[in-house]
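Peer 1: Going down the list, the sequences are from chains A and B. Residue 110 in the working numbering is what sits at position 110 of the first sequence, and the numbering runs on without skipping anything. Residue 147 in the working numbering is what sits at position 31 of the second sequence, and the numbering runs on without skipping anything.
By construction, these hints were calculated from the structure, which means they are not laboratory data. Treat the hints loosely; a few may be bogus.
[Claimed, not checked] Straight-line alpha carbon distances no greater than 20 Å define the calculated SDA-like cross-link-like pairs of lysine to any residue that follow:
| no. | chain 1 | residue 1 | chain 2 | residue 2 |
| --- | --- | --- | --- | --- |
| 1 | A | Lys67 | A | Gly28 |
| 2 | A | Lys40 | B | Gly124 |
| 3 | A | Lys44 | A | Thr114 |
| 4 | A | Lys44 | B | Leu162 |
| 5 | A | Lys41 | B | Glu204 |
| 6 | A | Lys41 | B | Pro156 |
| 7 | A | Lys36 | B | Tyr155 |
| 8 | A | Lys40 | B | Lys174 |
| 9 | B | Lys216 | A | Thr114 |
| 10 | A | Lys36 | B | Gln161 |
| 11 | B | Lys216 | A | Ile45 |
| 12 | B | Lys174 | A | Thr114 |
| 13 | A | Lys52 | A | Gln14 |
| 14 | A | Lys44 | B | Gln158 |
| 15 | A | Lys44 | B | Ser119 |
| 16 | B | Lys216 | B | Ser168 |
Please read all numbers here as calculations on a predicted model, not as lab measurements.
Chain by chain, the residues:
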Amino acid sequence: DTAVSQTPKYLVTQMGNDKSIKCEQNLGHDTMYWYKQDSKKFLKIMFSYNNKELIINETVPNRFSPKSPDKAHLNLHINSLELGDSAVYFCASSLHTDRGGGNEQFFGPGTRLTVL
Amino acid sequence: AQSVTQLGSHVSVSEGALVLLRCNYSSSVPPYLFWYVQYPNQGLQLLLKYTSAATLVKGINGFEAEFKKSETSFHLTKPSAHMSDAAEYFCAVSRSSFQKLVFGTGTRLLVSP
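Next up, chain A with everything else stripped away, as it sits in the complex (with noise of 0.2 Å):
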């Protein structure tokens, strides 16, 4: 019965090598998000996607490419990563309505990448 769940859960990996994180979420919901939150816990918003469509596309390498298969997924594949990309990445997924912005965004547990 997991809301929003991440795949996986903790990543090891050399520099320069190229790895994907999967998210999936069973809300219903119809946008997804993309966050990083660097050593110091500071979180910042990398992609979001509505419907399929990429609707916000924050400043991130184009290493980083977001792709959504469907409205309930949201995959991270990172290229040439490098040592900077050591983070948790969280996922997230809310209901846009008409009202706009104040919906809650339900987050996902997070994949600790580490890149040696």
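Position chain B relative to chain A; hints supplied.
Peer 2: This is chain B only, laid out in the frame that chain A set:
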């Protein structure tokens, strides 16, 4: 651009004492404001949110926050701290219709016996 400032990266209280975590926002239009809690090695959980329905907002686990437009503040309070409240607390603001959340830098709450 909207932003939030959380004063104090760490707040220490004794069990049973009042909890006050500060958040000030900067927004050109009335914002939506949120408080999230993050327990160690877990994701974020919504404590409460302000969406202009009422200025005093009650959340889960006995927390509440008051929206004060004149002070551009949305401070989080709890009358009596419990050991289980020890966690990282994030204030966040949103304005766009697709809810881009802008987070503060977080405040770690430490509760001592």
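Peer 1: None of the hints should be skipped; say for each whether it holds.
Peer 2: Verification of the hints:
Restraint check for Lys67 (chain A) and Gly28 (chain A): the C-alpha separation of about 18 Å stays at or below 20 Å, so the hint holds. Proximity of Lys40 (chain A) to Gly124 (chain B) is assessed by CA-CA distance (about 14 Å); at most 20 Å being required, the pair is judged to hold. Annotation: proposed proximity of Lys44 (chain A) to Thr114 (chain A) holds, straight-line Cα distance about 18 Å (limit 20 Å). Between Lys44 (chain A) and Leu162 (chain B) the CA atoms are separated by roughly 17 Å; this keeps the pair inside 20 Å, and the hint holds.
Taking the CA atoms of Lys41 (chain A) and Glu204 (chain B), the gap is near 9 Å; set against the 20 Å cutoff, the hint holds. Of the supplied pair hints, the one linking Lys41 (chain A) and Pro156 (chain B) holds, its CA atoms being roughly 11 Å apart against a limit of 20 Å. Between Lys36 (chain A) and Tyr155 (chain B) the alpha-carbon distance is near 17 Å, which keeps this suggested pair within the 20 Å criterion. At roughly 29 Å between alpha-carbon atoms, Lys40 (chain A) and Lys174 (chain B) are farther apart than 20 Å, so this suggested pair is violated.
At roughly 26 Å between alpha-carbon atoms, Lys216 (chain B) and Thr114 (chain A) are farther apart than 20 Å, so this suggested pair is violated. Note on Lys36 (chain A) and Gln161 (chain B): the hinted pairing holds, with a Cα-Cα distance of about 16 Å set against a maximum of 20 Å. A distance of roughly 7 Å separates the Cα atoms of Lys216 (chain B) and Ile45 (chain A); the hinted pair therefore holds under the 20 Å criterion. Taking the CA atoms of Lys174 (chain B) and Thr114 (chain A), the gap is near 38 Å; set against the 20 Å cutoff, the hint is violated.
For the hint linking Lys52 (chain A) to Gln14 (chain A), the alpha-carbon distance of about 31 Å lies beyond 20 Å, and the restraint is violated. Between Lys44 (chain A) and Gln158 (chain B) the alpha-carbon distance is near 17 Å, which keeps this suggested pair within the 20 Å criterion. At most 20 Å may separate the alpha-carbon atoms for a hinted pair to count; Lys44 (chain A) and Ser119 (chain B) meet this at roughly 12 Å. Between Lys216 (chain B) and Ser168 (chain B) the alpha-carbon distance is near 18 Å, which keeps this suggested pair within the 20 Å criterion.
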